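Here's the letter readout for the chains.
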Amino acid sequence: MLLYITGQVTPDDSRQHFAHRFNLDHPTAKIWIRFNYSPKVLEDNERAKPLIMAGIDLYSAPEQKQLLQGGWERYLPLTNLITVSVDDPEGNRGACHRHDPEQLLFLAERDSSPGLTKGRMVAGIWSVTLSLHSIVTEQCSYHLTVWASEEET
Amino acid sequence: MYWLACELHTHTYHSDGRQTLSELAEGSAKLGFECIALTDHNTLSGIEDREKVEREWGVTIIPGMEWTTFHGHMLTLGLQEFVDWRTSEPHNIYKGISEVHQKAGLVGMAHPYRIGSPICTGCYWEYEIQNWDDIDYIEVWSGTFPSIKTDNLRAFSLWTDRLNEGCRIAATSGRDWHAQVATEEPVSVTYLGLRADKPNEMKQIAQDAVHALRHGSAVVTIGPLVTMEVESASSRFGIGDSVPAPGSDHNERFGGYWGHVKTVFSNRQGLWELPEQKFALKIIGNAGMVAERSVGAEDEVYRMNIPEGGLLWVRAELWGTVHGARALIAFTNAIYFNEGRGNE
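Chains A and B supply the protein sequences, listed in that same order. So the first sequence is numbered by the working numbering: it starts at 4 and just counts up by one. So the second sequence is numbered by the working numbering: it starts at -17 and just counts up by one.
Hints in this document: simulated from the structure, not taken from any laboratory. Quick caveat: nothing in here was measured; it's all calculated off a predicted structure. Cβ atoms here follow ideal geometry from the backbone N, Cα and C, with glycine treated the same way. Please note that a few of the clues may not be correct.
As the list claims (entries may be wrong) - What follows is a set of in silico ranges between Cβ atoms, one per label pair, in the way DEER data are often shown:
(1) Arg113/A with Leu13/B: 48 to 58 Å
(2) Met271/B with Gly10/A: 53 to 63 Å
(3) Glu112/A with Ile111/B: 38 to 48 Å
(4) Gly74/A with Glu282/B: 25 to 35 Å
(5) Trp150/A with Glu30/B: 21 to 31 Å
(6) Ala22/A with His242/B: 50 to 60 Å
(7) Gln19/A with Asp281/B: 48 to 58 Å
(8) Tyr7/A with Asp143/B: 21 to 31 Å
(9) Asn74/B with Asn39/A: 40 to 50 Å
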């Protein structure tokens, strides 16, 4: 196991990057990353409503505010979004900007998960960055696990 | 000049799209696009299949990325090297832009007025822009049937305001295309003006397309191709060009300029349709409406007078009825004038 992180974040943690570093002490064939967070959806519409109304108020044209706020439900459900990006000792290895709250990803020399780049699996300090685009639930817990495999297939 | 039909904002499985690059290119070819920009969120990994897919579907692919950050979405085009999107803060986007420019890439504001957090974090542009010359283009039309959407009207006004301030900045459309889903709504095209004929080699087409956008040689439409040249006393100028100020020795009888506006309704035949009607063809500039006339659905060139005096820029616009609504159908990027710029 190269990395095992569990954490809990709140709306105040939105718009932050958390970089988790690990040392790969010798070159390997493949690195696996398992990441999940929960909950994905803010189920409580009463809690979602003021957040949506505030977003419309902040970002929409003055003449549109009333119309959009009258139809605030069209923006339901609000969701948490945390994405993963990876850096190896030599540079960036891509990002997986997608909405799935559970992702099993890998990097290897000749193949990788979509979003990540294949390439040399060199020893040194790697990092997995979690980008907290939006946390709308009171609490959101996440698990990040990274491990190496000597077999590429 | 060759006008290359482009779709400049797309996504695949490499981010949150629901299509492979091959499926995207196939769908693009079917809609008459000759070139697409692959702008997956925060990754360049999807470009790996570029050459194979280009050969497969005959569609040129420009490498790009959509910086999907917490404070704005920024498109980059024409570079394959990574520039770190994660270091951007509201006050320092100029640093990332500078690095993209150093690597010969372009930057564009994506859908700058789409509602932001928590509905769509970063979708609304909140970055402080200290120098508008940093921004190569604004995606003024986003999505399908873009010209009637409020967010796009705001983006279009943002562009016009910058032109009125003397900025030289391009405008594009982008579908923000995530999946091969059929639509009844009009699909927009950004045509980029290649200086010479269309090259045979795909990478050269991509380079020429990026060069065209950098120059502002672009027109946007949901139907006919509308282009323009400006004729001065001594020469002709294309979209993105700058018309020199008349010299002190210029002929006093010079009655301004002539706009030669070309409408091509035979482009991408069968891939779009508009109801039979008379269209309004306008030349707009920093002083407002410069010229207007009624035109039919024909391939034709119209010569329209542009009075001199204080000109900073002009563009052509084609207006008509689309799906029952009065709408902007096509617009050119600006042709700039030095006469309105004083002694800078």
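Each hint tested on the structure:
In this structure, Arg113/A and Leu13/B break the distance hint of 48 to 58 Å, their C-beta atoms being roughly 34 Å apart. For Met271/B and Gly10/A, the Cβ-Cβ distance of about 58 Å falls inside the hinted range of 53 to 63 Å, so the restraint holds. Checking the proposed 38 to 48 Å range against Glu112/A and Ile111/B shows it holds: the Cβ atoms sit about 41 Å from each other. Distance hint check: the CB atoms of Gly74/A and Glu282/B are about 43 Å apart, inconsistent with the given range 25 to 35 Å.
One distance hint, 21 to 31 Å for the beta-carbon pair Trp150/A and Glu30/B, holds here, with the actual separation near 25 Å. A beta carbon spacing of about 56 Å between Ala22/A and His242/B agrees with the range 50 to 60 Å that was offered as a hint. Take Gln19/A and Asp281/B: their Cβ atoms lie about 55 Å apart, and the range 48 to 58 Å holds. At about 52 Å, the beta-carbon gap between Tyr7/A and Asp143/B misses the expected band of 21 to 31 Å.
At roughly 32 Å, the beta-carbon separation of Asn74/B and Asn39/A lies outside the given 40 to 50 Å, and the hint is violated.
The structure fails hints 1, 4, 8, 9 (numbered hints given earlier, in ascending order).
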